[in-house]
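Engineer: As given, the protein sequences belong to chains Z, W and Y, one line each in that order. Note that this note's numbering has the first sequence beginning at 1, numbered continuously upward. Note that this note's numbering has the second sequence beginning at 1, numbered continuously upward. Note that this note's numbering has the third sequence beginning at 1, numbered continuously upward.
It should be emphasised that the hints constitute simulated quantities derived from the structure, not laboratory data. All residues carry an ideal CB built from backbone N, CA and C; glycine is no exception. Possibly wrong hints are sitting among the right ones.
[Stated by the list, open to error] Here are some chain Y residues the structure puts well away from chain Z; computed CB gaps all over 12 Å:
id, residue
1, THR19
2, ARG40
3, ASP59
[What the hints assert, rightly or not] Okay, the calculated beta carbon distance ranges per label pair:
id, chain 1, residue 1, chain 2, residue 2, range
4, Y, THR19, W, HIS37, 24 to 34 Å
5, Z, ARG391, W, MET207, 38 to 48 Å
6, W, MET70, Z, GLY141, 55 to 65 Å
7, W, GLY143, Z, GLY392, 45 to 55 Å
8, W, PHE119, Z, SER90, 36 to 46 Å
9, Z, LEU410, W, PHE34, 38 to 48 Å
10, Z, THR237, W, VAL67, 34 to 44 Å
11, W, VAL47, Z, ARG59, 26 to 36 Å
Single-letter residue listing:
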Amino acid sequence: MLEFPVWNVGGVGHGWMIGIIATLHVYVSHFAIGGGLFLALTEHYAVKRNDLPVLEYLRGHSNFFMLLTTVFGAMGGVGIWFVVGNANPSAISSLIHNFMFFWAIEWVVFLVEIAFAFLYYYSWGKVSQKFHLQLAWWYFGISALSLVIINGILTFMLTPGKWIETGNIWDAFFNPSYFPSLVLRMVIMASIAGVFAIVTSSRIKVDELRHRMLHYSAKWLIPSFFLMPFIMYWYFTTLPENVASLVQSGIDNIGAGNLSVLTRLLLLTMLLSVTIYVVSLIGPYFNPDKFSFGFSILILILGLVVTGATESMREMVRKPYVVYDYLYSNGVLKSVAADSSNYGIMKHNKWISEKEITSTNQKVVGEKIFRIQCQSCHTATGYRSMKDLARGWNREFIYNRLASLTATGLMPPFMGNDPERRAVAEYIGDIVKAPPLVAETTK
Amino acid sequence: MSEEIANKNMDDPNIAFLPKSVRERYDLGWIIAFFKHKQVPVHKYSVWYYMGGISLFLFLVQIATGVLLMVHYNTGQPHASVQAIMSQVDFGWLIRSTHSWSANLMVLAVFVHMFSVFFMKSYKYPREATWLTGFLLLCLCLGFGFSGYLLPWDQLAYFATQIGIKTNEALPFMGGFIADMLRGGKELGTQTIERFYALHVWVLPAMFFGVLGLHLAFVQLQGIHAPKFFEDLPPEKKKYMKFFPDFAIKDVYVWLLVMNFLGLMAVMFPWELGAEADPLAPAPAGIKPEWYFLAMFQALKLFPAHVGPIEGELVGILLFSIVGGLWVAIPFIDSKNAPAWRSRATFYFGIAFLVGFIFFTMWGHYSE
Amino acid sequence: MSEKGHVPTKRDFMRTVFTGGFMVWIGAFLYPVYRYLKPRIEEDTANAVQSAVVGKKEDFDKIPSRLIKFGSKPVLVIKTDAGEIVALFATCKHLGCTVNYVPEKKHIFCGCHGGTYDINGKNIGGPPPSPLDRLKVTIQGDDVVVSRA
């Protein structure tokens, strides 16, 4: 699987590998922050009213919270590093070089956050109520700080803004979409905290307390439903492309190909959000006595799908770049890519053992170049596969098509020189079972 | 009298949510009281009670999206108008994809509903008529599928319909007549679209509404059936939930989830439209009907060209008719006073039917 | 908090807020349907016919008036006794019927409710509230060209 420096995951492709792990991680890590606020605020009210049953519930909820966020959330983070580092080393290298000290601070903050999570849970009943509540607020403050930092790096990838010209790190960090994205994530976090609290509340045995907690947890979804449209609008105005026209192109025409995916994801996000809202309105909020654990799990899954849809929207808008207007998805800088036909993939990737393309090793080299150039988005026969995308093309057409990939508006230029392009065309031609080229055209 | 109604209704807590002006004019309290009185048995198979509601929900989606599609569909230019819906009309692709996905999910939901009803033995006395109307609804569903599939007039639609009608033509006596009536001639052509359209948007829906009304009325009048093991429980162990509001709220959740699944499918996997039908072009390889006809299609392939003096296809169709006939007659075979062996035989027949259906569908799907 | 419903409770308020939000979202659902059904009017005006040749000059010597199609609208072209050529949108200002020229009476008549206009389109009798809309007529060589004013 791991053929350094090229990673080959087969059918699902790199995109889905990152997509699945990142979506799970984003969902849980947003819960880690929103849930911190939930614990702190709920404990605050419970202490003020000396509401012992609620405190007892919080203790159980925080057990679940601590296990999920420190184990699953942290593992997911490591998973992302592993997948991203292997799938697109140049992209992650570029981010690390740029944000060296921010990453360092992020990791320190994260360690402290985990320490506070443990402190908070294991000190239930062992320290004074007042001190325990202070721990909750400390946990929330520090976890929020981790978002404040990572948000700068995430938004930078889509809107590097003035940094492209100035090279100033603060321009990169406080980039155009930094603040809308931060507010958006803060609001969503509260909803995710509400969703998880609905799940744990629905397990409470005592009817009266269960109804009360379900009703209370559902309230955490309210802010996002009223603020989301406005914040989303604010966020969209800071995006590079004219997103509105992209969305419009998907409204009337499904044939617009990948561009229409953005519209479709947006529709899906709205549909799922409405459902979460309506179900938690009819269920936990107004009829907590008729709400069961099974339906709360379904809300949880819907929330996960929305998270996936919104994260992939972000990826969609960014195409064909990893860092917008700077670094292409095939790991090549925009400035370098200007002269793509003289770049030479074999020259820049020393680990390709073949030093020259001959008629015997042509297809082997073709596959190696395919892995380097294409595999961060495509696969041979799996997801976004050559088998489907190049179906029915002949070898000459594939060869020509490789020279005009940027015309799609979604793909970076192919960086190979003429023999390298021919080699990849031969490799893809074999995948789609195209008839062999006649001798004259190969020579 | 009206005074009486007004006084009674004013104090009825069931309809307190209605405005005074309505309450003093119409006697509506009994409707809510009826639904509140109705109970749904709670047991380990309760989850199957949602299937009928899901089918109904998908049918409503079909009506809404179908009416919308009629606005832009043109029987005179079937392929071009569907293409316009897919590539020019705002959200046209969404409406059409939802209609197609919902159609397929509805057939699936109806099948699941039918088999769950079968295995809970809900068809037994006194619910025979519910089973019969249910079977009619399934046939109408398949009719919707068959007639709707042709309307976009692309290559797949053309050849799948051609095969479907030709299979019918093999029937003795009536076969040729039915085929001609469906096609509106000796050949499948644009005149067929007009007929299928009339069937799809008017004849079938009208019939469906009537039969569905009966089906639902029977369910309401006789209450929800509980399986035998539940009936045998001592009264204090029988758990029920109120149909309204308890079950109704859960129904709403389930409908919302189905709607989301439908939206997910329609948005992520929009329905495709092939090249315009051309009777002169050779049929593309591996042409297959929609999945719900696939089992029959695959089973028919097994018959040799001739069985003795009779055509193989005909034998196949006769065999299907016998199985279908038995399926309809199940409430009468496994009747009120039927001996135990007949009840058991019915059960095994159902298992065989289900396994056969799944097996042939899979086989059809994976065969070249 | 208070006796039946005189002072709204917090719960009543939440109920209103929720219902309001719910209605907004229902609207969001109906929006695609609205877009699907909305006619494409913008295209209509953008692609609308700006000018058209309605015939040769001498054609009007034999038959003094003719009704022609201008884009999707009917236009009445009349040659007056003075020799001038007049073009008018033939849609009656009363309820939108198509009007016709009556050569014997030298006026324009609407068959639906008997509205009359003079040869220049001015409303002179019956229910029409305003004159017919005029078009510009130019002679290019032998051709009579009608265009939007």
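Engineer: Any of the earlier hints contradicted here, and which numbers?
Structural biologist: Hints 1, 2, 7, 8, 9 not satisfied by this model.
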